[in-house]
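S.K.: Chain D is fixed; fit chain Y onto it per the hints.
Chains as they are written, first to last, in this note's numbering: chain D, 1 to 113; chain Y, 1 to 884.
One thing to keep in mind: the hints can contain errors.
What the hints assert, rightly or not - In silico DMTMM-like links for lysine to aspartate or glutamate, alpha-carbon gap of 20 Å or less:
| id | chain 1 | residue 1 | chain 2 | residue 2 |
| --- | --- | --- | --- | --- |
| 1 | Y | Lys787 | Y | Glu482 |
| 2 | Y | Lys668 | Y | Asp554 |
| 3 | Y | Lys328 | Y | Glu69 |
| 4 | D | Lys63 | Y | Asp25 |
| 5 | D | Lys63 | Y | Asp596 |
| 6 | D | Lys63 | Y | Glu22 |
| 7 | D | Lys63 | Y | Glu66 |
| 8 | D | Lys63 | Y | Glu26 |
| 9 | D | Lys63 | Y | Glu23 |
No lab work stands behind these hints, which were simulated from the structure alone.
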Amino acid sequence: MTDQAQLLPGTLDLLILKAVSLGPLHGYGVLLRIGQISGRALLIEQGALYPALFRLVRQGLLKASWGTSENNRRAKFYELTATGRKRLREETEGWNRLAAAIGSALAAEPEEV
Amino acid sequence: MRLLTYVRSLAAKLFHASQIAEEVDEELQSHIQHRADDLEHAGMDRAEAERRARIEFGGQGRFQEECHEALGGNFVESLIHDVRFSLRVLRKSPGFTMVAVATLALAIGANAVVFAVLNALALRPLNVPRAESLYAIERGSDKAVNHSYPDYLDLRDRNRSFEALAAYNVTAVGLDTGNNPSSAWILEVTGNYFDALGIQPYLGRFFHGADEHGPNSAPYIVLTHAFWHSHFQDDGGVVGRTVQLNKHPFTILGVAPPEFRGTLLFVFPDFWVPLVNQEQVEGTNDLNTRGKRGLLMVLGHLKAGVSPKQAIADLNAIGTDLEKAYPKDDGQMTFSLARPGLAGDWLGGPLTGFLTGLMLLAGLILLAACANLGSLFSARAADRSREMALRLALGSSRRRILRSLFTEAVLISLLGGAIGLWGSVILLRGLSVWHPLPTAPITLPVNPDTNVYLVALLLALASGFLFGAVPVRQVLRTNAYEVVKSGLSARVGRRTTVRDLLLVAQIAICAVLVTASMVAVRGLARSLHSNFGFEPQNAMLVETDLSMAGYSGDAVPPMQKRMIDALATIPGVQSVGVVDRLPLYYGANGSNVFTDTTTDLRPSNVAAHVMTYKISPEYLQAAGTALLAGRGFSWHDDMKSPPVAVVNREFARRIYGSTTNAVGKYFKTREGTGTQVVGVIEDGKYASLAEDPQPALFLPILQSPSSGMALVVRSNRDPQQLAGAVKRTVQELDAGLPFTLRTWNQELESALFPSRMATLSLGVLGAMGAVLALTGIFGMAAYSVSKRLRELGIRIALGAQRKDVLNAALGRALKLLAYGSVAGLFLGILASRVLAYIVYQATPRDPLVLAGAVLTMALLGLLATWIPAQRALNLDPLVLLREE
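Chain D with its partners taken away, still in its complex shape (with noise of 0.2 Å):
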């Protein structure tokens, strides 16, 4: 557990966002989606997912509906929107600008200053 890491403020409803995209899921389905698709390396508070999800709904990224899950129990089902499509490209080539020049900011070697 201990070597899994902090998310950085803002990066869980990209999480979400993206685990959506992938196909519909409910509330422990991104929980679970999100590890899978990050090698289990990122740490979240299961009951944090929820507070997002309805922030993600309320600004019309996700839509909701109940269905039944593949456990046979009644859940609430997400799925991206096209605003939240739109939303989820424009974050990510944000995100990889970012990471990208964080990236090469820190690999940066005397010589080349």
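M.R.: Coordinates of chain Y only, in the frame set by chain D:
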């Protein structure tokens, strides 16, 4: 789009609140079930799996709440939630709530009342159209509001800055509508008055500038709506009717709209009469005397685009011409503009100053109340720290706790504000219909308007946030873990806390108020016992104007003599005298005198501006004024004999150097008449109680007749018993003469009215300050005793003496009280200098005031700490230790 989503979500939340709560709950449960399923697959038994799943999930309550917040529309909902919660909490401690609400109701009520008066008299413009461009014209460096009619005509006709200039004058007149002649208060106005102000008639028509064709050419009356209602029963047929004013027929033209009450805020006239008919109305006519300035006030609307500065330059140019053309009459003819309604800066200045001072004091009251409630809240927060800690431990955020504390504070302040405003509205309504002086048309039109409600609301909100903010630091510092673990540690810090500072500040403020009110009360008491220059005890006054019954010219002096002689025959009457205008009666008549050697009688060469009275020979005796040198008048000092005068000591000192020097000397009047001084009398009070010694001149009424008069009837009997006989005697002489009959002490009420009102309002504020100090100290002392019961119990068990116990329990409170009182006394003395301007003889360096203030604060301290001290002393250590 976003807004729409938000609104929809808000609406959905508000209308389906419980449904949404259920959904959120179901979703979170579903998550936990799914997790438990996984854990069960991994080999756990179901019960254990569910327990683990719940622990992993974290605080469900907190996430539920966060979900709600994420859904939006939370502000309204959580506000309702907070309000409901706060109401429940407040209902659980009714004592605290009541004290807090009452304190605020008093403080906010006081502020609302003072602000309403300030608003009505100083901030709110006159109730006329386009009031913002309406200005009154003042003259000279001492900002005199009175102008002469010829000067007014020049200003009116030659200025290029005003749309129109109108003038008005307050006076009394005898009105006879066919039965029961009575005296009425009127505004004499120029013909263009209503047109210049833009007022439209409610009924009939108004008179106009075109109706004026020289003296006595416009015998018309326009009634105020109130007078029409009270004296003509709203009779529409009144227009065109003829009534008698001072025995002259005048035609009622129309009725003014109810909201227009003339152009002096505090004077409520009965009707308006054209100024050109002054001779019929007042018996004399000042329309052609440029040098004689009555109380004619001038006002008008500035033309669009003309600034006040340009208008002043324009007026000053005319003034320079007038100074050159009429050097004998027109002295310093520079002008300035003032707000109309309060007789310019003459009354407006001091009144606004006083009300601003009062507002400041009222603000201090509110501040003291906030400090008081702040420490109450802070103590309460300390007592509730276990509850706070529990809430924090259960996942509530500090923000949420603070918000609920603020909600409590604001709820209390709004409740207090509403009650305070309600009370002040009742008081203000009462004040508005109050006629403080029976013989003068004085009113205080202080009905509250939206401004007042708004200010009260703002003050309530601001004070709520102010005292609500006091415990914030405490809550932010609360360490949930520590509190829950070790319970409430009775930390008795020796450090200075916010509460201590608040208490010192509050006591200081209260001490300021107490000192200020004592200074005022003492000033009033002194002015009641100062030397007026006459003796008001055992004197009755018959006030009238003979012109109201048609006497004029040569008919006046014989009638006055008849009245004096008739009244003097009443048994018990010692002497009867006549004076044209009583001293201390709404200002005084002044005139300029010149030394005997002055030949160029222009205003700049004046030797003194003196108060001038016209008296009958017996007046000095009837008034009880002491003659210091020379003689009084006799009935032989008439038109046939050389002009003589009696002067007061100040006059003698200024012009002739001493009392003894003055007798037999001469001076010149404005007309150049050489007048001989035959007697010197003691100094008195003439224009106001607060004035410095003024020179005064007394002329024989036979040499300068006046139809306006007051008869002073001195007796050795109770004046009330004489009243019937005096009344009968006057009515027997002329049944058509309206007059008022009062004792001189009653008459003085009007002179004392301003300082009475000032003292009353300061006294009320002082009393409120004292009450606040009392509750503040009591709260602090009671709290500190209750916090330290256990420690005190141990001390008593170990054999502490009563003195030690008291010292331990209350030493701190008393020390704070002392600090606060000293600071407050000092500030109060500084503040009292301001009071000295309003309240006569209010000197802060009065040992009695200082002693009184110290004693009051000490008594308040004793009173407030009495109950807590008793509680500390009567502790039974055994009971206490067993309980803990």
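S.K.: The structure should be examined with respect to each hint, and the outcome stated for every one.
M.R.: Going down the list of hints, with the structure as the test:
no.: 1; hint: Y:Lys787 <-> Y:Glu482; verdict: holds, 19 Å
no.: 2; hint: Y:Lys668 <-> Y:Asp554; verdict: violated, 25 Å
no.: 3; hint: Y:Lys328 <-> Y:Glu69; verdict: violated, 83 Å
no.: 4; hint: D:Lys63 <-> Y:Asp25; verdict: holds, 18 Å
no.: 5; hint: D:Lys63 <-> Y:Asp596; verdict: violated, 105 Å
no.: 6; hint: D:Lys63 <-> Y:Glu22; verdict: holds, 19 Å
no.: 7; hint: D:Lys63 <-> Y:Glu66; verdict: holds, 19 Å
no.: 8; hint: D:Lys63 <-> Y:Glu26; verdict: holds, 17 Å
no.: 9; hint: D:Lys63 <-> Y:Glu23; verdict: holds, 15 Å
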